[in-house]
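Protein chains in written order, with the numbering used here: chain Z, 1 to 300; chain W, 1 to 312; chain A, 1 to 529.
No lab work stands behind these hints, which were simulated from the structure alone. A hint or two may mislead.
Here are the in silico distance ranges between beta carbons for each label pair [said to hold, decoys possible]:
| hint | chain 1 | residue 1 | chain 2 | residue 2 | range |
| --- | --- | --- | --- | --- | --- |
| 1 | A | Lys24 | Z | Val129 | 49 to 59 Å |
| 2 | A | Pro60 | Z | Val129 | 25 to 35 Å |
| 3 | A | Ala78 | W | Trp216 | 21 to 31 Å |
With a cut-off of at most 25 Å between alpha-carbon atoms, the simulated BS3-like pairs for lysine-lysine come out as follows [to be verified]:
| hint | chain 1 | residue 1 | chain 2 | residue 2 |
| --- | --- | --- | --- | --- |
| 4 | A | Lys277 | A | Lys24 |
| 5 | A | Lys253 | A | Lys277 |
| 6 | A | Lys5 | W | Lys221 |
| 7 | A | Lys86 | A | Lys33 |
| 8 | W | Lys221 | A | Lys10 |
| 9 | A | Lys277 | A | Lys293 |
| 10 | A | Lys24 | A | Lys202 |
| 11 | A | Lys10 | A | Lys86 |
| 12 | A | Lys253 | A | Lys33 |
| 13 | A | Lys86 | W | Lys122 |
| 14 | W | Lys221 | Z | Lys33 |
| 15 | A | Lys202 | A | Lys5 |
Note that the structure is a prediction, hence the values are computed from the model and not measured. Note that the Cβ used here is the ideal one computed from N, Cα and C, for glycine as well.
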Amino acid sequence: MTTLDSTHVTDDLLANAEEGASLWQDAWQRLRKNRMAVAGGIVLVLFMVVALLTPWLAPYAYEAQNLDLGASPPSGDHWLGTDVFGRDVLTQIMYGGRVSLAVGFIATAVALLIGVTWGAIAGYVGGRVDAVMMRMVDILYALPFMIFIVLLMVVFGRNVLLLFLAIGAVEWLTMARIMRSQVQSLRQQEFVEAAISLGLSPAAIIRRHVIPNALGPIIVYTTLTIPSVMLLEAFLSFLGLGIQPPQTSWGLLISYGAETMEEYPWLLIFPGLALTTTLFSLNFLGDGLRDALDVRGSKD
Amino acid sequence: MLRFILSRLLQAIPVIFIVITATFFLVRAAPGGPFDAEKVVLPEVKRALEAQYRLDLPLHEQYFAYLADLAQGELGPSFKYPGRSVNEILFSGLPVTAELGFYALLIALVIGVTAGVFASLKPNTRQDYIPMSLAMIGICMPSFLLGPLLVLVFGIYLEWLPISGWGAIPGDKILPSITLGAAYAAYVARLSRAGMLEILSQDYIRTARAKGLPEWLVVVKHALRGGLIPVIAFLGPAFAGLLAGSFVVETIFQIPGLGRFYVQAAFNRDYTMILGTTVFLSSLIVLFNLLSDVAAAWLNPRLRSQFSGGSR
Amino acid sequence: MSLLKVENLKVSFVTRNGTQQAVKGVSFNVAEKQITAIIGESGSGKSVSCYALLGLIPSPPGRIDGGTAHFAGQDLLALSEGELRKIRGRDIAMIFQDPMTCLNPFLTIGEQLIEPLRIHRGLTREAAKVRAVELLHEVGIRSPETTFDSFPHEFSGGMRQRVMIAMALINEPRLLIADEPTTALDVTIQAQILQLIADLQKNRDIGVLFISHDLAVVADIADQIVVMEQGEVVETGSPDAIFNNAQHPYTRKLLAAIPSGEREGSAEECEVLLDIKELRTWFTAPGQDDPVKAVDGVSFGIHRGEVLGLVGESGSGKSTLGRSIMRLAAITEGTVTFDGTDVTALEGRELKNFRRRMQMIFQDPFASLNPRMTVYDTLAEPLLLHAICSRRELDGHIAKLMDDVGLARAFIRKYPHEFSGGQRQRIAIGRALATQPEFIVADEPVSALDVTIQAQILDLLLDLGREHQLTMLFVSHDMAVIRHIADRVLVMYQGKIVEAGPVRQVFDTPAQPYTQSLLASIPGAALTL
């Protein structure tokens with residue numbers, strides 16, 4: 001089959017033409033002007049780099065204890081203090097961040113994969129297939145998932161993999177709805193009808209005309225799903241139903257911190273700060289992307 | 001409208017059924033029986049206990065027996081607290097959680113709607129940025145962080161408010177209600193701002209202004225109803241979120257409500273209690289989703305007449 | 001005696017990309033007891049001028065930079081918002097373009113109607129209702145009592161516009177500002193609403209400021225015409241002076257853009273290229289038992305090389321018919337025979353080959369181009385898909401297409417949003433021509449465009465049609481456009497073809513009552529005299 005992509009053809013005609021600004025470039029320009037979103041993006045990249053390089057960057061080993069020192073407030077040796085076992089809080093937060101961020105990104109990726117595929121099929125095929133697929137989503141949507149996840153964690157033990165799957169399984173529903181409504185409204189657009197009249201195959205129509213135009217809302221919603229997933233993980237870990245020692249996460253650190261906050265408030269404040277900063281960054285970036293990509297209030 | 005309610009009810013029934021079935025088999029599939037922990041149980045005692053809790057029957061018979069009990073509103077006995085039924089425990093916690101949830105929802109609606117509407121009237125000015133920044137903080141500050149921080153500041157350092165309990169000391173209801181309601185106030189504020197902005201840009205708002213209506217009347221009479229429909233529709237999901245939030249808040253503030261019982265049951269592996277609570281809470285959530293959907297539809301005259309089975 | 005005297009009005013919009021002057025020192029008068037019309041295309045500042053008078057432009061970004069507007073001894077522009085509010089809806093009332101969105105869907109018609117009475121006159125609800133019901137009757141609503149308690153969605157656009165008019169007149173204002181009040185309506189409804197406005201104006205002796213983009217609409221009713229272009233008044237005069245003795249070049253351009261006359265008939269009958277027999281396209285809406293019979297048993301033929309006009313009002317099924325022929329809508333029954341082949345049965349490769357020979361031009365040039373593809377990619381797609389040319393020849397072909405549709409080659413790498421509506425429609429035409437089709441369905445290709453642009457695109461279509469020997473089905477709601485472009489015409493009503501024939505015959509001696517009423521509704525009778 002011949003490929004229709006023509007962008008690589010260049011010669012006089014294109015060379016002499018004025019440069020156009022694609023919608024992506026326009027959006028990028030708008031995003032760059034949004035200071036909060038840019039700040040959010042920078043903080044996020046910084047956190048991700050730190051998370052990736054934690055074993056090399058962390059000031060102390062993850063297991064290192066200093067029982068003689070015990071809990072100590074921030075100092076030159078321990079910038080963010082130590083916990084009751086004399087473990088360095090900064091190190092704990094860095095390792096906890098790896099887990100929290102990983103849960104956020106992986107569970108969102110699971111949701112993205114299932115949701116987008118499901119929604120795209122339902123939206124493009126339409127008719128009875130669509131009705132059945134979306135009715136399933138409706139029913140699952142009405143299930144009280146928060147309670148179900150708690151139940152799952154209770155029954156099957158606190159398993160990180162299960163946590164990814166369980167959270168991903170909740171979040172894909174909204175993704176599927178957004179993708180479906182996108183595909184459906186795009187299908188009725190005149191430029192898709194024009195592509196049909198040209199004789200393009202359905203696969204080519206989806207690839208060249210539907211997906212590039214549905215991408216905006218998906219990007220925005222993905223950015224906003226990550227913080228809600230991270231919140232969910234922290235919530236479960238706080239209750240003791242999520243991440244288990246010897247692993248740690250921000251939620252778990254906050255939970256420990258809350259127990260001893262009266263004497264050692266820094267054990268609550270710093271992990272809390274790490275979590276809220278990340279959530280802030282993701283939300284600001286998501287809002288900024290929403291404005292830049294001009295995505296109307298996401299349906300449902 | 002009646003048809004709409006009926007169709008939503010018909011949709012709710014399979015949901016509740018799925019919840020009951022899935023929960024039942026999940027709990028039964030859990031590794032380790034409920035009495036494995038107690039070491040000194042004699043075999044005959046164990047057999048008697050199993051008979052009492054019907055664990056000696058084949059699984060499908062247990063299931064149907066449970067369904068039969070449920071049909072009579074009977075959630076069965078608690079594993080952990082022999083002699084107390086799940087119904088009793090639930091109904092001792094329900095009023096507390098209901099009161100907490102009510103205050104939290106009240107805070108969320110009053111503060112959220114006020115802030116959102118206020119912000120929408122002058123978008124992209126200070127009147128918009130300040131409440132919306134606060135809302136952003138509310139969204140990024142989960143209850144399990146906000147709660148301890150509030151306790152730290154108002155309970156421990158300032159000593160203004162009690163740090164735990166419910167209804168024992170005056171003022172002990174304030175911190176838990178705020179902790180639970182804050183995030184929802186933030187969501188409601190963002191939703192009502194977006195909803196109001198959408199409506200305020202409609203042509204019929206211009207019509208109202210062209211008629212010479214004072215601005216407050218334009219907002220209250222012409223914009224508010226449409227602008228708040230998303231908020232009404234959000235109340236269902238918010239209710240589910242509040243229930244889950246009560247797990248945390250009741251644990252932090254040691255409040256004897258449903259949420260705390262549920263978390264305790266989870267840790268004690270009190271299976272009948274987990275089963276009963278899940279079924280009960282899930283039904284409540286489904287019911288509230290239904291109510292908020294119906295309310296949102298009722299506010300829209302077009303939907304109202306469409307589903308009334310009427311002429312148009 | 002002048003009721004409203006606007007002098008040197010200046011309005012600008014302050015946006016992130018700088019300040020844009022929308023109205024640059026506009027002056028005009030509205031005489032008492034007369035209809036004054038402001039004519040202009042989109043961006044001329046005609047609506048902004050009038051909204052600014054009543055403090056109805058959103059601010060920011062809108063800003064009034066200067067000028068005066070004397071009305072009843074006061075300068076409107078100098079009044080506070082509170083003082084202005086007392087005038088709005090009492091002394092000056094407004095009606096708007098789109099009656100579907102201008103009534104609050106959450107409140108009953110009655111509640112909205114009595115509002116001006118309650119605020120400005122402090123009437124009780126009961127007293128106001130009596131007055132409202134009277135007025136509803138006067139604007140031609142049949143059962144005003146039940147209408148009073150109904151919601152807007154229960155009414156058609158025409159009825160809603162009547163309600164809007166009643167609401168505007170309920171306080172007996174001295175000046176009525178009507179902003180394109182008939183643009184969103186079908187022609188027959190448009191004629192009724194125009195008549196209603198003219199009658200009410202006479203009965204009440206009020207001044208009317210009528211904003212429109214359509215000279216023909218204004219021709220019948222205006223006493224005075226103000227022509228605006230790009231924020232300035234370029235000409236003012238009586239209809240007679242404007243139509244017969246226009247001074248300004250822009251006014252003449254507007255007049256020339258009014259589609260008029262007929263095509264030189266290519267009378268010789270050629271072979272039938274497309275033969276449609278008993279075509280039915282029905283839709284079943286979810287939850288509905290009875291199908292919507294959008295196209296219900298239609299048969300006709302199109303001769304090679306002719307332009308066949310298909311005219312009808314909204315909901316007549318004319319667009320569905322076009323889409324059915326293109327196999328974009330699922331046909332329920334019937335055959336479409338194209339050059340001897342029944343296309344309704346084609347699938348796969350055969351369908352693709354047939355699609356090369358038939359193309360479509362859509363109504364909305366803002367929706368019919370993929371916003372994420374450059375002009376180059378948009379035009380290259382059909383060329384490569386149907387192997388019209390090799391990759392090496394691609395650039396040459398695209399350059400030729402650009403020339404054909406009158407677009408500068410330098411724009412080739414730009415994206416649709418960087419073009420105006422008319423330019424976009426040229427790109428869409430280029431895409432349709434790329435496959436070198438024999439037959440084109442043009443679905444309202446000019447109705448979303450400004451009048452002067454409309455004339456250019458129509459001429460382009462006619463020229464290209466002649467050059468490429470195209471056969472065309474031209475779908476439109478606009479009788480004047482059809483008359484201008486078509487050889488033969490089909491009149492469609494409720495899914496059926498009610499009249500067919502050569503343009504001259506149908507326009508001069510319409511046989512069917514529906515066609516007669518359509519023709520009677522064409523605005524601008526004064527123009528053709």
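Verification of the supplied hints:
Between lysine 24 of chain A and valine 129 of chain Z the Cβ separation comes to about 57 Å, which falls inside the hinted range of 49 to 59 Å. Checked against the hint of 25 to 35 Å, the pair proline 60 of chain A and valine 129 of chain Z fails, with Cβ atoms roughly 49 Å apart. At about 24 Å, the CB distance of alanine 78 of chain A to tryptophan 216 of chain W agrees with the hint of 21 to 31 Å. Straight-line distance between C-alpha atoms of lysine 277 of chain A and lysine 24 of chain A comes to about 57 Å, which puts the hinted pair past the 25 Å bound.
Straight-line distance between C-alpha atoms of lysine 253 of chain A and lysine 277 of chain A comes to about 43 Å, which puts the hinted pair past the 25 Å bound. Between the alpha carbons of lysine 5 of chain A and lysine 221 of chain W the distance comes to roughly 34 Å, so the proposed pair goes past 25 Å and is violated. Straight-line distance between C-alpha atoms of lysine 86 of chain A and lysine 33 of chain A comes to about 22 Å, which keeps the hinted pair within the 25 Å bound. Note on lysine 221 of chain W and lysine 10 of chain A: the hinted pairing is violated, with a Cα-Cα distance of about 33 Å set against a maximum of 25 Å.
Distance hint between lysine 277 of chain A and lysine 293 of chain A is fulfilled; the C-alpha atoms sit about 16 Å from each other, no more than 25 Å. With a CA separation close to 33 Å, the supplied pair lysine 24 of chain A and lysine 202 of chain A exceeds the 25 Å bound. Only pairs whose Cα atoms come within 25 Å are accepted, and lysine 10 of chain A paired with lysine 86 of chain A is accepted, the gap being roughly 23 Å. For the proposed pair lysine 253 of chain A and lysine 33 of chain A, the alpha carbon gap of about 30 Å is over 25 Å, so the pair is violated.
With a C-alpha separation of about 23 Å, the suggested pairing of lysine 86 of chain A with lysine 122 of chain W holds against the 25 Å cut-off. Annotation: proposed proximity of lysine 221 of chain W to lysine 33 of chain Z is violated, straight-line Cα distance about 37 Å (limit 25 Å). The hinted pair formed by lysine 202 of chain A and lysine 5 of chain A meets the criterion: a straight-line CA distance of about 21 Å does not exceed 25 Å.
When each numbered hint is compared with the structure, violations occur for hints 2, 4, 5, 6, 8, 10, 12, 14.
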